[in-house]
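If you're matching them up, the sequences are chains W and X in order. The numbering used here numbers the first residue of the first sequence as 31 and each following residue consecutively. The numbering used here numbers the first residue of the second sequence as 9 and each following residue consecutively.
Derived by calculation from the structure, the hints in this document are not laboratory data. Don't be surprised by glycine CBs; every beta carbon is placed ideally from N, CA and C. Among the clues, some could well be false.
Unchecked claim - Non-contacting residues of chain X with respect to chain W, defined by C-beta distances greater than 10 angstroms in every case (computed):
{"id": "1", "residue": "Lys330"}
{"id": "2", "residue": "Gly345"}
{"id": "3", "residue": "Phe365"}
{"id": "4", "residue": "Val494"}
Unchecked claim - As a list, the in silico BS3-like pairs of lysine-lysine whose alpha-carbon atoms are at most 25 angstroms apart:
{"id": "5", "chain 1": "X", "residue 1": "Lys411", "chain 2": "W", "residue 2": "Lys242"}
{"id": "6", "chain 1": "X", "residue 1": "Lys330", "chain 2": "W", "residue 2": "Lys163"}
{"id": "7", "chain 1": "W", "residue 1": "Lys242", "chain 2": "X", "residue 2": "Lys474"}
{"id": "8", "chain 1": "X", "residue 1": "Lys324", "chain 2": "W", "residue 2": "Lys163"}
As the list claims (entries may be wrong) - These stretches of chain W come out as covered by chain X in the derived footprint (C-beta under 8 angstroms, 3 or more residues):
{"id": "9", "region": "189–198"}
{"id": "10", "region": "230–242"}
{"id": "11", "region": "299–307"}
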Amino acid sequence: MEIFIRYSREFILTLIVVFAFTTLILLLAGAPPLAAYYQIFKGSLGSWMKLGHVIRVWIPLTLCSCGLLYTFRINLWNIGVEGQVMMGAVFTTFVLRFGMDGHMPLMYLCAAFVAGIAGGAIWALIAGYLKTKGGIHEIFAGLGLNFVAQAIILWLIFGPWKRSGIASMSGTELLPRELWLPYVSHIRLSPVGLTLVAIAIVVTALMLRYTKTGLYLRAIGSNLNAAHMFDLDPRIYMLIAMIFAGGFAGLAGSIQVTGVYHRLLPAISSNYGYLALLVVMLSNYNVWVSPAVAFFFACLNVGSIQLPMMLQLDSSLSGVIQGALVLAALAVHAWRMRSKLLEEQADYE
Amino acid sequence: MWIELKDIHKHYGSVKANNGVTLTVKPGTIHGILGENGAGKSTLMKILAGYIGKTSGKILVNGSVEDYHTPAQAAKLGIGMLYQEPLDFPPLTVLDNFMIGQTWGIKNQKNFFRKELESLINHFDFTLYADDTVKRLTVGERQQLEILRLLALGIEVLILDEPTTGISREQKEALFQALRKFASEGKSVILVSHKLQDSEALCDTITILREGVVTGAVDQPYDEDTLLEMMFGVPPGTPSRSAVEYGETVLSMKQVCGTGGRTGLSDCTVSIKQGEMVGLAGLEGSGQGVFLRLAGGITQPPAGSIELLGEEVQGKSLHAFKKAGVVFLPTSRLEEGLMPGLSITEHFALQSHDDGFFVKWHEASETAQTRIKKFRVMGTPESAVESLSGGNQQRLLLSLLSKDSSLLLLEQPTRGLDVESANWVWQHLHKYCLRRTSVVFSSSDLDEILMVADRVLVFFDGRIVKDVRKNETNIDELTRAIVGRV
Numbered sequence: 031m032e033i034f035i036r037y038s039r040e041f042i043l044t045l046i047v048v049f050a051f052t053t054l055i056l057l058l059a060g061a062p063p064l065a066a067y068y069q070i071f072k073g074s075l076g077s078w079m080k081l082g083h084v085i086r087v088w089i090p091l092t093l094c095s096c097g098l099l100y101t102f103r104i105n106l107w108n109i110g111v112e113g114q115v116m117m118g119a120v121f122t123t124f125v126l127r128f129g130m131d132g133h134m135p136l137m138y139l140c141a142a143f144v145a146g147i148a149g150g151a152i153w154a155l156i157a158g159y160l161k162t163k164g165g166i167h168e169i170f171a172g173l174g175l176n177f178v179a180q181a182i183i184l185w186l187i188f189g190p191w192k193r194s195g196i197a198s199m200s201g202t203e204l205l206p207r208e209l210w211l212p213y214v215s216h217i218r219l220s221p222v223g224l225t226l227v228a229i230a231i232v233v234t235a236l237m238l239r240y241t242k243t244g245l246y247l248r249a250i251g252s253n254l255n256a257a258h259m260f261d262l263d264p265r266i267y268m269l270i271a272m273i274f275a276g277g278f279a280g281l282a283g284s285i286q287v288t289g290v291y292h293r294l295l296p297a298i299s300s301n302y303g304y305l306a307l308l309v310v311m312l313s314n315y316n317v318w319v320s321p322a323v324a325f326f327f328a329c330l331n332v333g334s335i336q337l338p339m340m341l342q343l344d345s346s347l348s349g350v351i352q353g354a355l356v357l358a359a360l361a362v363h364a365w366r367m368r369s370k371l372l373e374e375q376a377d378y379e
Numbered sequence: 009m010w011i012e013l014k015d016i017h018k019h020y021g022s023v024k025a026n027n028g029v030t031l032t033v034k035p036g037t038i039h040g041i042l043g044e045n046g047a048g049k050s051t052l053m054k055i056l057a058g059y060i061g062k063t064s065g066k067i068l069v070n071g072s073v074e075d076y077h078t079p080a081q082a083a084k085l086g087i088g089m090l091y092q093e094p095l096d097f098p099p100l101t102v103l104d105n106f107m108i109g110q111t112w113g114i115k116n117q118k119n120f121f122r123k124e125l126e127s128l129i130n131h132f133d134f135t136l137y138a139d140d141t142v143k144r145l146t147v148g149e150r151q152q153l154e155i156l157r158l159l160a161l162g163i164e165v166l167i168l169d170e171p172t173t174g175i176s177r178e179q180k181e182a183l184f185q186a187l188r189k190f191a192s193e194g195k196s197v198i199l200v201s202h203k204l205q206d207s208e209a210l211c212d213t214i215t216i217l218r219e220g221v222v223t224g225a226v227d228q229p230y231d232e233d234t235l236l237e238m239m240f241g242v243p244p245g246t247p248s249r250s251a252v253e254y255g256e257t258v259l260s261m262k263q264v265c266g267t268g269g270r271t272g273l274s275d276c277t278v279s280i281k282q283g284e285m286v287g288l289a290g291l292e293g294s295g296q297g298v299f300l301r302l303a304g305g306i307t308q309p310p311a312g313s314i315e316l317l318g319e320e321v322q323g324k325s326l327h328a329f330k331k332a333g334v335v336f337l338p339t340s341r342l343e344e345g346l347m348p349g350l351s352i353t354e355h356f357a358l359q360s361h362d363d364g365f366f367v368k369w370h371e372a373s374e375t376a377q378t379r380i381k382k383f384r385v386m387g388t389p390e391s392a393v394e395s396l397s398g399g400n401q402q403r404l405l406l407s408l409l410s411k412d413s414s415l416l417l418l419e420q421p422t423r424g425l426d427v428e429s430a431n432w433v434w435q436h437l438h439k440y441c442l443r444r445t446s447v448v449f450s451s452s453d454l455d456e457i458l459m460v461a462d463r464v465l466v467f468f469d470g471r472i473v474k475d476v477r478k479n480e481t482n483i484d485e486l487t488r489a490i491v492g493r494v
């Protein structure tokens, strides 16, 4: 109970800081703050159509968050999640290109999803091996691999996979309709994607709470130096965590290709990987909280699309709010840790 | 410059590192501070150097009370300290390091400082070159540089904390020469050491600390036995224990070397039999920790061979050591032994190595409950391990050990425990010996080693300098061996 009160106090404090900061920015930009907040709300939850759009953003965001929970458990900063989404999309597209004639779509779709998961996992494993064998910090390896993945996508779109006759930033040839994930036409939302996310959340929760792997990840993450006491090899579990993170990210990439864009785009990952890092941190690494935070971020993202049209504001305002949110959360957290530390020191003296 | 410390107290919680220390350092003398590890020497010197604050007490410099809180303020008063680890900038040259903190503004004063540095080097017969990069220097040379730097800052009282650890004999001679010269110029030197030989050779007067209080102050000439008694106190009688029959050789090391710690480990050859209780004596960081980690497979030896139950194991993974039944329990329980943030139940879940995919939480919780009772851990299965006291953490660690271990390696298993907890630990470990498990432990408390061990290995400067059965030795012999007098 005490913990709950403390966390809600922290949460409310964070929100106040964020809104104060964002309002200040809006006032400086000469925009009416209340109108801007209203537009974001209306633009994200104002209609079923818009809600559908929000959920289409929420799906990859939540999948990436689920994956990141594994790596955060073992204290790895899998910033390469962005590239893992991209490679998932690339592998998916690779498989689907064999089925462009529209025969046996289900088989191709299934194979494409498996390939997408594998693609993300392989990309994550490269970073994992660089970490465990080469001693290269996963942040640097991951960031580097993100650039490589982006370059691969651009090369494919402008090179081997370019549309006949033209090559443009708008991506590869549109997939035939048979290879699109089935969707509810009214809100253009695929129930397959939703189901997969639900499964991902439940599997992650089970894995982390009830399996030995989950326990080992947490143990090694909490104290690498004591792993020897329990005969655990940290390297193996780091790789396992990377496989899970990459797999979920790759799945997000698959859904982006088959369910949202129906082709491979340069911006196929839409920075959802980076955003997911923020989501997980903000949710205090909790499986059940992060989907909610992801939903909030998705609303911000979708809602701010209308800002330029309605208020002549730049749509990057959602980025400002998200950034402010994370900074504020970190600041409030740091402040709390500091006051806790000071209290303990006072006890000590 | 006269330095007077009056009734200095430094308390860390309930631990009294200094408990009313009073001493006077006269100008033009070399003053030794002698004592075993944890006697409070370093704490006292860090207080004098302004590095840490004191709980109570007064420091008088030339008769007037001074209240300062930082090393910089201390340096202004003329008090400077040479730390065990040199505080310099390895990528820069000797000259650059010498100039740091002395020169301001944009004017290039290199030539001026070069002359000053070179004249100081000549004055003390040091072996430094102004243009060498500091990272290529030996520890002894870096020490020389640090001393010159302190001198140039106008230091009148030079404090040295264990300066002879890790330097060559020639460098030690050069250092002692320089310190004598320094003192003959009317300045004072405070030498902190646990090495009898060094203190005797250099100091005009020696103050001995034990457990945070001054146990004696003597002038030359010194009587070694008196010094030792002041350092270690008078040993109590040693109780006997039920005899254990020894079995085959469990651990055998041949010419093993190791790195780490202050001294590393060199040329270690030893074998340990089933059921033996072996105590590793020596001042902290003399190689015991390195030895235990090598035997436990935590680190790999660069040279030499290690056999467990007749099988070569060096170069093999930790898993191979574990399979042979070797367990290592480190001193820092929370840093290297337990998982902070995880509960007691979760630790038992980690420990059970069955093949299932899911954690058997129910089973783990039951195990936790029974072991908590059996090992008298003050806590519940849900308690996070970091909330337990040191003694309870140690009991928990012991309760996690499997019964059929072949070799237990314990680093200071009773450190920070009260007498009752410590006795409980020893009784428990004795049961392991009766089951023919070998127990090897280090301890900084000789009395404890003599009380519980069957055999004593004394470490000094990274070597085993003595290997005796307990009943063939006595505390005098061991205390001498600890400070390098074999």
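Evaluation of the provided hints:
1. Lys330: At roughly 5 angstroms from the nearest Cβ of chain W, Lys330(X) sits no farther out than 10 angstroms, so the non-interface label is violated.
2. Gly345: Non-interface label on Gly345(X) violated, nearest chain W Cβ at 5 angstroms vs cutoff 10 angstroms.
3. Phe365: 6 angstroms, violated
4. Val494: Check passes; 34 angstroms lies beyond 10 angstroms.
5. Lys411(X) to Lys242(W): Holds, because 23 angstroms separates the two Cα atoms, which is no more than 25 angstroms.
6. Lys330(X) to Lys163(W): 22 angstroms, holds
7. Lys242(W) to Lys474(X): Judged against 25 angstroms, a Cα distance of about 46 angstroms means the pair is violated.
8. Lys324(X) to Lys163(W): Cα-Cα ~17 angstroms, so holds.
9. 189–198: violated (count 0)
10. 230–242: holds (count 3)
11. 299–307: Since three or more residues must qualify, the claim that chain X covers the region 299–307 of chain W is violated, with 0 doing so at under 8 angstroms.
This entry does not satisfy hints 1, 2, 3, 7, 9 and 11, going by the numbered hints stated previously.
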